[in-house]
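There are 2 protein chains.
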Amino acid sequence: MNIAILFGGSSFEHEISIVSAITMKKVLKKSQLTYIFVDANRECYLVDTDKINSKLFSSGAYKKGKKLTLKKGGFFTEGMLGSKQLGFDVLLNLIHGRDGEDGKVASLMEFFDIPYISPRLEASALSYNKLYTKYLAESLGIKTVAYEHLRKNGERKISMGYPVIIKPVRLGSSIGVSIVKNESELDYALDVAFEFDSDVIVEPFLEGVKEYNQAGCLTDTWELSIVEEPYKEEFLDFEKKYMDFARDAQVLAADISDEMKEKIRESFKIIYDPLFRGSIIRCDFFVHEGEVLLNEINPIPGSMANYLFEDFEGMLGRLAKHLPKEPEIKVDYQYIHSIQQAKGKA
Amino acid sequence: MNIAILFGGSSFEHEISIVSAITMKKVLKKSQLTYIFVDANRECYLVDTDKINSKLFSSGAYKKGKKLTLKKGGFFTEGMLGSKQLGFDVLLNLIHGRDGEDGKVASLMEFFDIPYISPRLEASALSYNKLYTKYLAESLGIKTVAYEHLRKNGERKISMGYPVIIKPVRLGSSIGVSIVKNESELDYALDVAFEFDSDVIVEPFLEGVKEYNQAGCLTDTWELSIVEEPYKEEFLDFEKKYMDFARDAQVLAADISDEMKEKIRESFKIIYDPLFRGSIIRCDFFVHEGEVLLNEINPIPGSMANYLFEDFEGMLGRLAKHLPKEPEIKVDYQYIHSIQQAKGKA
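From first to last, the protein sequence lines are chains A and B. Just so we're aligned, residue 21 is where the first sequence starts under my numbering, counting upward by one. Just so we're aligned, residue 21 is where the second sequence starts under my numbering, counting upward by one.
If a hint is listed, it holds; no wrong ones were tucked in.
Since the list gives no way to pick out one identical chain from another, each pair is judged satisfied if it fits inside one copy or across any two copies.
Once the Cα atoms are required to be at most 30 Å apart in a straight line, the calculated DSS-like pairs of lysine-lysine come out as: (1) K49 - K84; (2) K172 - K350; (3) K92 - K104; (4) K87 - K46.
Treat the hints as calculated values from the structure; they're not laboratory data.
Only chain A is shown next, with the shape it has when bound in the complex (with noise of 0.2 Å):
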């Protein structure tokens, strides 16, 4: 299978896509890989998958290879003997972050007709921003931890107790993130958080709380990972889950009782199932008090969260063959000809 990837964007997490997008190439070994980088710009480059690596790109280097046209079926490429479609089988979409998560990529790729593998772009403008996540896990009934939706332009006013952790809603990867213990220093971790975003939600900071990860799509079964629970210090700032990024080495189960685990997936299958289908995605769940609740979705995760699968490579192939479909709208001018019809009479 010839696989597209589609890395970098204007987004705050450019880099680490660019992490994302080499470490596939250690984990499809099997696969063609056809790499194609959206610079800061948003201008699209062909990339050598032989030469790829990172500095290619902080050197600009990149420019000098193939520039790349959107149009109806594909990327082409433009020259004096006209345009060339760049040949691929389905498109991952690796964009961390803008650009890649909240639905840009999705809708491109729908308006110009090319299969993809990502969330589709309601899945991605629910999933991208904290706040509408709630929203979505409200109406599927899945738990989420209590928050407080505070607003740039709005009272800096919060009712729960410290401490409390300050998320901007549209960031990944711990951007403007601060943990607050006490009231004092509340307006300066707001400011640092609108700094990136003009709505922050604000949770508690729970103690005590196990986090567990679990990844998965729906090819023609359930394709779940195994469930993980991640490395934590208080919190993973920007560095450390920088790493995270380039993993392609397996990992170890969560030790984690069989009732516990069954609720997580079943958490799991009822986000994912329809919104989600076409994508890999990871969901992030924390255990508090007996409870699951969910604390974000990743809609693009780190290097797909390739391990965290046996068979990575060969579910991609399978989700290929699986992609949703927009429906068919069929326009024929009923509505139209019945006017002219009538003026004609009139």
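With chain A fixed as given, assemble chain B onto it according to the hints.
Positioned in the frame of chain A, the structure of chain B alone reads:
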């Protein structure tokens, strides 16, 4: 000002978008118009403003026009002498329904860096879906009509009393909507609705409810339309609503108390700002037992609700000067540099 009108799209409302677009020629008399047609196959064509009429599309004759490519900065025609950018000051998204209202057009415009009047990605994804509109309203403290949510493959049981109204969550223009007077009619109405969508909401059919429409936008100040009381039968079906899209004459203001009008305007402002900045939307409210309830948000209203404004054309110009911009993200390759240095030292 040169305004590009984007219309058509892969949408059940493709044809009414054509009617809306043609109406703009009568409404925008002082502006130069550049018509960009997205056909049902999602190919873009330049349409001659002098020759635009409904038959051009129903006959397929538009295909004789120039085909357009989307690239950084705008739409381009491709010729023997290279590609040439289409010149315009701002694009008006006039695609009703899918593509235009679901966030695809917003995504394309952001990605290709084209100034545009339209709800942005998040605003589109939320308002396109009647269920998510409920969540949004709830989070803003705006009341809506009570509802229940049914899924295509879920249980077909409702707990509210009849009569009820069944609405597919993702379609406008009353497509797939039915009033159900008693339980025996429920199954058929759901069959119809699920033909169009995987999710429906069920609302009580409110007797004696008054409907009021408020359109507007935020330029350097609030520009709100008159409050209109639309013509109303039991409910407007597709054919009747259709006529709305060709409206270009101003209507009379609703006969409504100043207090109620103020409530409607305040609700509109809370919904609009900041999520809908950059767009002209119409919110349809119910007044029921003295309470203002949001019925729906029309992110791309028929013929842009021009008939509700005194100076629609001037407002477009002012709005074009107050379009929101995505925050700039600078990619400095700081993390990649630090990895390279760490590797160099190792």
